[in-house]
Amino acid sequence: MAKGMREIKRSIKSTQNTKQITKAMEMVASAKLKRAQDAAVASRPYTDKIRDVVASIASGGGTIKHPMLQSREIKRTAYLVVTSDRGLAGGYNSNVLRKVWTEIQEKHASSAEYDVFVIGRKGRDYFKRRNVNIVEEVVGLSDSPTFADIKSLAAAAVKGFEEGKYDELKLVYNRFVNAISQIPTIKQLLPLDATQLSGGNTEGVKASYEYEPSAEAVLDVLLPKYAETVIYSAVLEGKASEFGARMTAMGNATKNATKMIASLTLTYNRARQAAITQEIAEIVGGANAQQQ
Amino acid sequence: MSTLLLEIVTPERTVYAQEVNMVSVKGADGELGILPNHIPLVTPLRIAPVIVKKDGVSEKIAVSGGFIEIRKDKVVILAESAELASNVDVTRAEAAKKRAEDRLSTKQSDVDQVRAELALQRALNRININK
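Sequences listed follow chains A and B, in order.
Per our numbering: the first sequence = residues 471 to 762.
Per our numbering: the second sequence = residues 129 to 259.
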């Protein structure tokens, strides 16, 4: 056996191993994607309901003022970035990080003008490398994160706004469209846009409620909760996007591995045939020489 | 006997959705007993068990960090966590209670104090509904 052949054989073997792994990862991701999607759907009633009630207060009272509903001059911005802990998910992390980094570069002259809240190891490392001030971080989130997992980070971000540390809070995450398409999105979370709130589902909002102790007091409790819930649903959507991205990336990797194995096998067979032909030629040549 | 639809929803899932006869909760301003055809009302809830009466049987549900929206024939409780008595992990709640008590006994900053107190309330709430 020629030396070249042995090498080709080895690389076929290693590509096969890689393919096996990527194939397994693809299947795992697709199973988890289903679960993450279900979780995102299950969280929807809660968000919708809070939005309904907030909208009904905002539209009913008319004169109700709340700091979280009012925009003020923007001096400092907080970014809440949702990334994953692990890579091998195509452009999932790099897309969202590039997006937020471009935004930061464009909008802010110095690093004193913004803070970052980050979810996921990839995002944390990215900002750490760039010496960005990370206020709070959550890493090692499970595949089906609970509200309690991100509650303290969400509450800290919302509180920062309430206390006037930040004048706006932006949420950066991968919006889940479908398994092959996730769009990195920057969403203005605070101050809340009251018109946007009532713009959605107006059915049922019309009912006029009594508020105990008062509409303002209820709003005080509800608005931070609403903001936290929006963050939670972004995290859930981020998870679904992560698995979607990983599934697609691993699907492509598997396809490429298959192609590579095919082309390597072809080269291997050619080399084998060439070796056999050469051997025959040698034997024939040797026999001819003896006869003469 | 007339009924109202009670829904208890957390960010993770819908915990409870059934027709019941009466709901009793502890609102920000005090206890509320809700029967069908109650006036529409919204109020935050304290950390306390919600008592549900259905066909003469009453059931307790541990609810924390929530508020209640009452309509004529429907009551929705939105909470950060809600657990039926059968779903409460009592050992975990006991551990949480102990942890919170330890933290309260050692004097700390105000923030930690408040947090520990809330944690204790939640733990007691969970334990109480199983009694």
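Worth flagging that the hints you see were computed from the coordinates, not collected in a lab.
No residue lacks a Cβ here, since even glycine has one placed at the ideal position from N, Cα and C.
It is possible that some hints are incorrect.
[Stated by the list, open to error] Quick look at which bits of chain A chain B covers, simulated, 3 or more residues with Cβ under 8 Å: (1) 506-513; (2) 559-569; (3) 587-598; (4) 610-624.
Structure-based check of all given hints:
no., hint, verdict
1, 506-513, "holds (count 3)"
2, 559-569, "violated (count 0)"
3, 587-598, "violated (count 0)"
4, 610-624, "holds (count 4)"
In this structure, the earlier hints numbered 2 and 3 are contradicted, and the remaining ones agree with it.
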